Structures are given as structure tokens and as C-alpha cells.
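**Q** Residue strings, one per chain:
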Amino acid sequence: MYNSIVMVKQVPDTANISGKVMKDDGTVNRAKLPAIFNHEDKEALELALQVKEQYGGTVSVITMGPPRASDMLKECFYMGADKAYLISDRKFAGSDTLATSYVLSEAITHIGKFDFVFAGRQAIDGDTAQVGPQTAEKLKLSQVTYVEEIKKVENNIARIKRKIDGGQEVVEAQLPILLTVIKGAQEPRPFSAKKIMIYKSAKTLLDLEKIANGNSLLNLDELIHEHKDKNLYIETLSTTDLSDIDVSKIGLHGSPTKVHKVESVVLSGGDAVKIEPTREGIGSLIDELLNDHILG
Amino acid sequence: MPNFFTDNEDLKFHFNRFDLREILEIQEDNYEQKKRFNYAPENYEDAMINLEKTLELVGDISGNKIAGRAAGVDEEGAHFDNGKVTYAKGTQENLKDVAKADLAGMVLPREYGGLNVPITIYMATAEIMARADGSFVNIFGLQDIADIIKKFGTDEQKAKYIPKFSTGEHTGAMALTEPDAGSDLQACKLKAYQDEDGQWRLKGMKRFITNGNGDVHLVLSRTEAGSKDGRGLSMLACYNDDTVVVRRIENKLGIHGSPTCELQFNDTPAELIGKRRFGLIKYTIDLMFRARLGVAAQALGISQAAYEEALKYAKEREQFGKTIYEIPAVKNILLEMRVQLETGRSILYDVAKLVDIKEKLEGKLEKLKAAGEPFKEINNRLKELTKRANLLTPILKYIVTEDSNKITYDSIQIHGGTGYMKEFPVERLARDARITNIYEGTSQLQIVASIGGVINDILKDDFDRKAAKTYSGGLERLNDFLKEIREIFYESLKYVIDKNDNTFQDVAAKDLVELYSYIYTGYLVLEEAEELSRKKFIANRYIVTSLANAKKNAESIKSELFTDLLHADEILI
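So the sequence lines, in the order shown, correspond to chains F and B.
Take 1 as the starting number for the first sequence in our numbering and just add one per residue.
Take 1001 as the starting number for the second sequence in our numbering and just add one per residue.
Rather than coming from a laboratory, the hints here were simulated on the basis of the structure.
Computed from a predicted model, the values in this text were never measured in an experiment.
Do not rely on the hints blindly, as some may be mistaken.
[Unchecked claim] Below, a list of computed lysine-lysine pairs in the DSS-like style, where the Cα atoms sit at most 30 Å apart:
(1) F:Lys-195 to B:Lys-1065
(2) B:Lys-1089 to F:Lys-161
(3) B:Lys-1151 to F:Lys-195
(4) F:Lys-52 to B:Lys-1510
(5) B:Lys-1100 to B:Lys-1189
(6) F:Lys-52 to B:Lys-1360
(7) B:Lys-1383 to B:Lys-1536
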């Protein structure tokens, strides 16, 4: 039996961008973008579910994000996750990778014991690939990056295949451990229709607050209780719940990374140049590449 | 990320106008199932959300997984080595995905692990999946085997066979056809006998059995030794054990992913499903409604794929300094295809709902009878519905599968020489469509099956009611055209009846059935045009074309075209 926690993120669908999506402070205006399940995180969840199927245990998913990230958490349920946590607080807004990994590590500690922490290698919005490794450091865990497959887990030692330049290597590591999973590792399973029918009505604390506020006949505590009973409650954690958290290390002011300017770079090609397959032709190509500092 | 449900505006239009209230009320035991199953819906609205989400899931798997594998499945096909059938790699992956998504038993009841979706939604699923890979639907649709066991089997049989269909561990096969019994199933010879222990055993051959390598077979067998006709046939279930030998699989024009097997049963242990002697006259006939609906859904899905390819190609391909889409003759073909596609869909879901409610009421009737409660009202309604289903299921299959052949050929035509090449998917679509107007009863048999209802004009009251309605704007003109088609139909019918010649009537049946189908379909699209203004174009082209076709049908009948049948032997040298 091995218990896993999977860090997942809802990201802007960078393949379908329209309109003004960058704010003046250099952060992304998420409200302007369709949000999707970061694909490498979905593959990380797939890997965790495979561990559960083979060895037993539970799979919890955790995300730090705005309330609408609950849509993605529901999708985690549709794939087979047992429990979901939304880490949401206005105080987290503007966090860079350092602040994010700090919050996530605090939340993971709060959730409790685990054998594996999984994450996608990187999210398609920032492409930093930093949050996984930083979280491992903060939790003082061994980490294996670029993971493609978990070959075996035995006596608390995991045998893991990871991608390296020009091939793969197989490593062994002692649990608990944090793994970052690379694109193409394992095709995520389709959603289960039954689970969709069950978990489509799963709610976060924020969802329930909204419902309770809009209806004087409903009581928040009762709603929470009712949803917990049916296993339809998405645990929602804020700075209040994470009591040990140091608020100076979170949010915009806890983030040393500052984006000063974002430019849209359009790569434009010029006319095609035909190069004759002769000594002269190749020589002039080499000269041109040297002049452009492409070779050098 | 193509989703074959959400990207299909016309299918969504139909989904949004499905009125499944009565069907779901019976199917969900007045929503009592929620108490036993956490994935059952709370009420009608909840059920519709579940069904929509299910179709979104089907659309996702079809668009993002199954479709991408279809060319590989077609090229590789099912294998037969050392007596063992293996699916193409893509088919195997499809089966795994479908099982993981809980769709393998979507039409089966919850107590046996199924999703308990109505037939109407099951047909939408078949349509969506067929758009991705026509051949896969042949295997997917065989969850019907478990559904027949649900309808006619004992509780013990249900518990034994159905759950493994729901999980996708088992697939099935419907073994009806034999070397000498194709369209004429009464001629079945495969013998079922009881050994000294009373165990039923099967001995004999079956041919052209779709998925004959499946795990559970339903076998139409002669239990009454010495009998010659359909009344000596019963339905038996058996596992595909060592006594069932696949002798060969067929090398087919299309649907390569679906293995078509010749089977030999060597004293195979089996058990009776339902009552003896009811195999053909009740269970197979009953099965045919579903099978024909399924084939129509399959054909429609293939048509959708062919249309999409044609439209895409026409908009990309440039000739004479413009896209060929801009050429009126090409655009006109696309319009014809689109109208056939959409009217086909209108018929499919109208008939699907009809068969759906018919089956639900049959279940309800059984329950009322068992409880000793009055059932006369339901019984009368059922009689009416069965009459309609007997007429409309064959009409549906006839029209949609013939149109699918036309649409896939037109798609090749729009592609020009490119469409003839294997690199493009349209030639595969045409090969896959080609079986749909043959199996589960040829088009000619569908005409035979529906002509009785046409001659008796059983939709008369319906048509009268619809004709008397007032339609908005230009649609009244289309109603007038439909009235004109009706007059043409009655004149043609009278001509055939007055002639009082069976041979003449047999060949004229095709024209009469087509005439009747124009009126039926015409009123369906006229109603849709009242709801959605874009549909006015579809209704207009369909009804105007139908009026022209109706005149042609009438002319074939009245010009005595068929009298040369008398001289056939001289002509057919």
C-alpha cells in the first residue's frame, strides 16, 4: 500500500489565446483564458493511479489556484482520485514558483503521511519546471525528474525509468519521494462515466459558501456535512487552515521573481534562399551562419 | 482536441429536443434507483445532465482516441492465426478505453454494473463512435447480447452473463446466419439437443458471425428435431470454449476491424434463453429492431465522417484560382450530402425514441401482469407503437444506409483522384458504408418488411394531424408540397392495388415505400424548421427534392415500367 499526493494545476490554454491576457503588472489575467488541466500533471495523476491499482493505497490531488480550479479537481475524481484539496486564498495571488512551492509544501505537510508526491514536469503557462523540485527541497525529499514509468516498488524502494538526453535511465530511490513526470510518459486514462455521474456535484468550501449565501434556508455547516457524507466535498484550505504558514513568504510580496515586461515576439522568416550543393554554396552558408552568430 | 459530440451542432440540436421524460421515468423506476446506486440520477434534469456528460465523454474518446486509430485498424484488420482471432492493435486499445470509461455496458442495468442509459442515447453513442471508426461499433454494439439475456433470461442467467459485459471483460456474438440460412433464417439447421444428463448441446455450423471470437454466443438453434420452419428454433447461450472452433475469418471489403467468423459448434454445452421455439419468432424479431437501429446509427456516423472530409477538402483544394467549394456544382453536391445527413438523423432519433419507449412499456407491461394489475391501456398503446416500429425501423434502415453509400461516394467524388487513393480516409468510409445496406436485412428486405404498413397507411392519422397544422412563413408552402406528395402516393397506391398483381406489387413496393418515407421525413423536418430557422433550408431542399422524386416514383409505377419482368428471361441473357 502506497499513498500518493499529486500536485496538479489548471493552466490557461496557451494554444487558444485571444485578447489581452497579460495584466500591467506582468502577471496573467486568468479570467480571460480558457482553463485546462495541465497535461503533464494529468500524466502524473495517471502514474499515481497505476501505483494505486498495482499496490493499493490512496491518491489525493492538490492544487493551489482560484476557485474555478475545482473543475479540474473534479476531473481528477473522474479519473479515479480518492480525495482532492483546493488551496485557495487571496493572499496567495501573485506567487512565483518559490512562494508556490512553499505553500504546496506546507499544505502537503498539513495533509499528512504519503509515500509518493507526483507532479508534472512543468506547467504550460510558466514552463519553469521549478515547482516540483522546489517542493521536494522544502519537504526534504529525494526527487527524480523526467519520470516516464514506475517499474517496481518493493520494500519502500521505487525503481523508476526516467528520460535523459539520448535515452533513458533506470534509477532506484527510497520512499518517500517526489517525482516529476514528463510528457508522453503514460497516456492518461479516459474519464469514467460512473465517476462523472457521481462527482459532477462535488463542491469546494467556496462553492458551498456561495450556495449558502444565496439562500437563507441553507446553512453552510450542514451543507459541508452533507457533502462530506456523500464524499462530494473538495477539501478547501486557506492561510487560516495552514496555521504554520509564514505570510511574508507568500503572494506577490513573497515572490522574488518580478516580470517587468512581456513582449510578443513574432518570428518572421524572409525569402527562401537556394544554396547550390557545391563547395562555394556551402562555404557561403557557413559564412552567413557565422555572421549571424548562429555558429560560433 | 476534437470532440465528436460537442462539435456536432446538429446532433446537439437533437439531443436538446429529446423528450425522454417517460422513457427515463420507467428506466429509472421513478428515480428510485438513486437509493441503491450513487451514480443514478435524482430526477429528470439530473438524468439529462448525466446523459449529456456521457455523450461528451463518448465524443472525447471517439474524437481523440478511436478516430486516430481507424486507418491503422483498417490496414491491419483482425488476424486469424492458429485457430485464434486477434483484434487489430487499435481495436484492442479502443476496447480498453471504452471499458475504462464504463461504456462497455452502457445500455445494461445498474444491478449488473451497467450505466442504464436509454436506447436513444446508446444510438447517439453508436453514431458518434462510427464517425470515428465504423468497424468498432460492430463490437461495441454487441453489449446487446447481454441486454437480450436481461430481457429474456432467468435471474441466474443474468447474474452469470451480464456483469462481465459491463466491465468489458466479455464481448459477445449473435450467431444467426448459416451457410444455407441468410435472409431466410427459418432454414437454420444448427442442432440443439439434450444429452442424457439433460444438458443442452449445440452441433453445427454458423457463418458470417460478427465477432464470432467473442466470449458469449447467443445461438439460434433447432431444438425441435424434425421441424422445418421458424417455430422449431430456440435461442441458446454458450461460452466460447474449446468446443467452439473458429474455422476462418472472412476477408472483407470493409469494416476490417470487425472479425467475421465461420464457427463450428462441436457438442457445445449451452443453456436455453427464454422459451423453447421462441428463438426466431419472438427473440430474433425483437432483436432486429435494435440491430437495424444500430446499423442505421453506424451508417449515419460514417456519413458524418464522409461529409466532414468532403467539406474540409472542398474548402482547402484550389483549382482555377479558387477553392473548389466555390464551384456551384461542387457546392450543390455538398448541400445534397448535408440534407441527406440531417434528414437521416431526424429519422434515426425519431425511430430510436419510438423503439426506446416501446421496449420500456414492454417491461412495464410484464411487471403489471406479474403484479396482477390492470394493463389494458398500456397493452393497447404497445400494439400501436409496435405497428409503427414495424413500419419505421425498416424504413429508417433502408433510407439511412442507402444514403450513406451515396454520401461516401459523393465524398470520394469531391476529392477527385485524391479520394480514390488509400492515403485519404474517404475510400475506407465508402467501403465501410457498403455493408450497412446489406447486413441485418438487405435494403430489399427492408422494403418487404415495411410495405405492409405503407399499404395500410398506418401513419394516416399522424399525417392528417400534421397537414392540418399551420406553419409559419414560407413553411406553409412546404406543407402544400407534402400534401401533393401524399396525393401522388395515394394515386400510385391505388394503381398498384387495382392492378392486383403480386409480381407487380413486389417491384413497385420500393417506389411506394420511398413515397411514404418522403411524407414521414418531410413532416419531421418541417417540425424542426419551426424550432430552428436554419432548418428551413434543410426542409426546403428535402421537400422540394422529394416532390420531384415522388413524381418520378409515380411515373415508374404508372408507366408500367415493370411489365418487362414478364420478359426477363429473354432480356437477361
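**Q** Please go over all the hints and tell whether each is borne out by the structure.
**A** Hint check:
1. Note on F:Lys-195 and B:Lys-1065: the hinted pairing holds, with a Cα-Cα distance of about 20 Å set against a maximum of 30 Å.
2. For the given pair, B:Lys-1089 sits about 25 Å from F:Lys-161 by alpha-carbon distance, which is consistent with the 30 Å threshold.
3. Of the supplied pair hints, the one linking B:Lys-1151 and F:Lys-195 holds, its CA atoms being roughly 27 Å apart against a limit of 30 Å.
4. Between F:Lys-52 and B:Lys-1510 the alpha-carbon distance is near 60 Å, which puts this suggested pair outside the 30 Å criterion.
5. With a C-alpha separation of about 39 Å, the suggested pair B:Lys-1100 and B:Lys-1189 falls outside the 30 Å cut-off, and the hint is violated.
6. Between F:Lys-52 and B:Lys-1360 the alpha-carbon distance is near 40 Å, which puts this suggested pair outside the 30 Å criterion.
7. Using a Cα cut-off of 30 Å, the hinted pair B:Lys-1383 and B:Lys-1536 is violated, with the two alpha carbons roughly 34 Å apart.
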